[in-house]
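Peer 1: As a plain string of letters, each chain reads:
There are 2 protein chains.
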Amino acid sequence: MLDIKITKTTNPKPLPTEDNPLVFGTIFTDHMYVMEYTKGQGWHDPEIMPYQPISLDPSAMVFHYGQEMFEGLKAYKTEDGRILLFRPDKNIERANNSNKRLEIPKIPEDDFLNAIKTLVKVDAAWIPTKPGTSLYIRPFVIATDPFLGVRPSDTYKFIIILSPVGAYYPEGLNPVKIWIEDEYVRAVRGGIGEAKTGGNYVASLAAQIKAHDEGYSQVLWLDGVERKYIEEVGAMNIFFKINGTVVTPMLNGSILPGVTRNTCIQLCKEWGLPVEERRISVDELVEAAKNGTLEEVWGSGTAAVISPVGHLRYENDVFQIADGGIGEVSQKLYDTVTGIQLGKLEDKHGWTVEVK
Amino acid sequence: MLDIKITKTTNPKPLPTEDNPLVFGTIFTDHMYVMEYTKGQGWHDPEIMPYQPISLDPSAMVFHYGQEMFEGLKAYKTEDGRILLFRPDKNIERANNSNKRLEIPKIPEDDFLNAIKTLVKVDAAWIPTKPGTSLYIRPFVIATDPFLGVRPSDTYKFIIILSPVGAYYPEGLNPVKIWIEDEYVRAVRGGIGEAKTGGNYVASLAAQIKAHDEGYSQVLWLDGVERKYIEEVGAMNIFFKINGTVVTPMLNGSILPGVTRNTCIQLCKEWGLPVEERRISVDELVEAAKNGTLEEVWGSGTAAVISPVGHLRYENDVFQIADGGIGEVSQKLYDTVTGIQLGKLEDKHGWTVEVK
Ligand SMILES: Cc1ncc(COP(=O)(O)O)c(C=O)c1O
Ligand SMILES: Cc1ncc(COP(=O)(O)O)c(C=O)c1O
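From first to last, the protein sequence lines are chains X and H.
The first sequence lines up with residues -7 to 348 when you count with this note's numbering.
The second sequence lines up with residues -7 to 348 when you count with this note's numbering.
Here chain X stands alone, though its shape is the one from the complex (with noise of 0.2 Å):
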């Protein structure tokens, strides 16, 4: 493992005061973690400095190409002042399953790992602590050569940027409205949507200003080949509740394979709850929604942990899932998964990571 070289900043910013609300993604720590790679050289150099400017080459294919991938993942401090990182190994394994598809060199998982605990113990009194706050850990490879053309970099920066953030929807825990998508396709089988990088999301903008426009907040994505089968939400896998039965699409290339969907599977099928991974039609879904026996709805995800879905419209048709409230399964992924994140509830599965 690589010793990180730590230089501190000599000009601290003020902490956010508590009363003011975390708007998520807006507020960043005083460090950043910066790690190079040269081929030939692997990666090298790692590196806790003061957060500042990327200094990038216009040329840097980054700009032009595309080859750039993120995760994100939450730091939390106990009320007996413990900070725990929740299921950070799954993390760094999809980092490396996106670096694989998108030809970015892979980092070593105790670099990975060993980068983010330094800089969250560097910056640990960013940490937020009231309801509903953690601290968001966004590390991202971009490609740094200055090259125009087509083919994989042989630099790359590995960075890691740290946030106080509060709730990612304005609705909270309060059900929000979801947008069924038939036009607009995010990805497609054979492509890159089972990799976290931007291309996805910038794909994904047109059809979600559509659904804001409307009035629904998130936009659920249907396949790219037969816009038939239901996918994810943008920033967020899909559960439903089907007369009895936890369903939710299973992994099929195209969507990301979420840690906290993997979380919910577990914690379900453990709650004795049949669970079923499969393909799953809008018009199954719709069909389940007109006879009553679609029982709830909901999103999850790590900036917003658990999102129950009120509302879907597809088509020209509005369904109110059950009451268009929060869900019992919902209410209880949302209660277990916080209540282990912030060390409240025993960690039976050895989920969370502690930053010592």
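Bear in mind the hints are in silico, worked out from the structure with no lab data behind them.
Any given hint could be a false lead.
Pair by pair, the computed Cβ-Cβ distance ranges are [stated by the list, open to error]: (1) H:N3 - X:D205: 34 to 40 Å; (2) X:E218 - H:V15: 41 to 47 Å; (3) H:D315 - X:G32: 53 to 59 Å; (4) X:E28 - H:L265: 38 to 44 Å; (5) H:D37 - X:R270: 50 to 56 Å; (6) H:A117 - X:T30: 29 to 35 Å; (7) X:E279 - H:D102: 33 to 39 Å; (8) H:K202 - X:E279: 40 to 46 Å; (9) H:K0 - X:N89: 18 to 24 Å; (10) X:N244 - H:K220: 16 to 22 Å; (11) H:E175 - X:D205: 36 to 42 Å.
Where a beta carbon is used, it is the ideal one built from N, C-alpha and C, also for glycine.
Mind docking chain H with the ligands on chain X? Use the hints.
Peer 2: Leaving out everything else, chain H with the ligands in the frame of chain X:
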């Protein structure tokens, strides 16, 4: 139209010497153009400045969510010393179509053209004159909000850089070998395939490497839905001459509407060749290759202009196109297009725009 502030370098770089080959996309001129966008204010403060690094917050949205657009066109110096651009209006139109799909604000056409002309004039000494060389012009837009979360950015930079270039493919006008990809997918209907944006290119890398490893220089993509219909090559559109008819895939939303494609279609029609823009299946192609009616194949793109294709591989079959050499129409298109670009042939269509 906005006035461009011009600050010239006090430290000019040496011009590349005529005897060094100009490796595509590796050398940049002395100046760059930058214009900023701010929500509420629009595009403002265009400036030509010494070529220099761009400094961005590590949370700048372009690094995370792929909101980036680029274009590519060329400037040529004629034998009598005039500077010509080739169909810049087409690139500007396409740039704004890409911007629309990517939720990037539209760039006023007159400011765009003025930016290109003014920058090319400032760095006119960098336009190479050896046969096969030109000045490649790379306009691009990046999202710059320091923000984590999926939405369009409120701020952007529009930048233009210039690179004196030689041949894009090491092969030059020699026929390339092309790999028809049936596993990976570059883009799909409803996605961002017809926009010129990084996400489409990073998606192409894995197949490109696979093809290279097998000795093929380019990938020919199939459609994302049925993986059956021909789309385009990594950085070119594709043409087939089958039994006397020129056939090219129709613009279906998932392929890039190439400027050179449009030029080829117009010229072929004027030469009395029947031209069809339509769906063409890989089966039809294989059949034509087998029964000897596949007379010519070429790619069209700004970087290579015309790139004859000598061999196609699909699954385990390799097809040689005619005698594997440069076809008649390919050669005539290359000579005509470069002749017009270099001011050697009469420009009947008003395709060239002089930089005065
Ligand atoms: C497209 C997409 N799907 C699903 C998720 C949920 O994944 P996770 O639970 O790992 O945060 C995210 C967010 O990370 C996402 O961006
Ligand atoms: C994917 C793709 N297709 C086609 C082309 C050809 O377009 P044009 O002729 O405008 O250069 C390019 C290159 O610009 C490209 O990147």
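Peer 1: Each of the hints needs a verdict: does it hold here or not?
Peer 2: The hints, checked one at a time:
1. H:N3 - X:D205: 34 to 40 Å: 50 Å, violated
2. X:E218 - H:V15: 41 to 47 Å: 44 Å Cβ-Cβ, so the 41 to 47 Å window holds.
3. H:D315 - X:G32: 53 to 59 Å: 41 Å, violated
4. X:E28 - H:L265: 38 to 44 Å: 53 Å, violated
5. H:D37 - X:R270: 50 to 56 Å: Given a distance of about 54 Å, which is inside 50 to 56 Å, the answer is holds.
6. H:A117 - X:T30: 29 to 35 Å: 33 Å, holds
7. X:E279 - H:D102: 33 to 39 Å: 54 Å, violated
8. H:K202 - X:E279: 40 to 46 Å: 42 Å, holds
9. H:K0 - X:N89: 18 to 24 Å: 48 Å, violated
10. X:N244 - H:K220: 16 to 22 Å: 20 Å, holds
11. H:E175 - X:D205: 36 to 42 Å: Holds: the Cβ-Cβ distance is about 37 Å, inside 36 to 42 Å.
Of the hints listed earlier, those the structure fails to meet are numbers 1, 3, 4, 7 and 9, in rising order.
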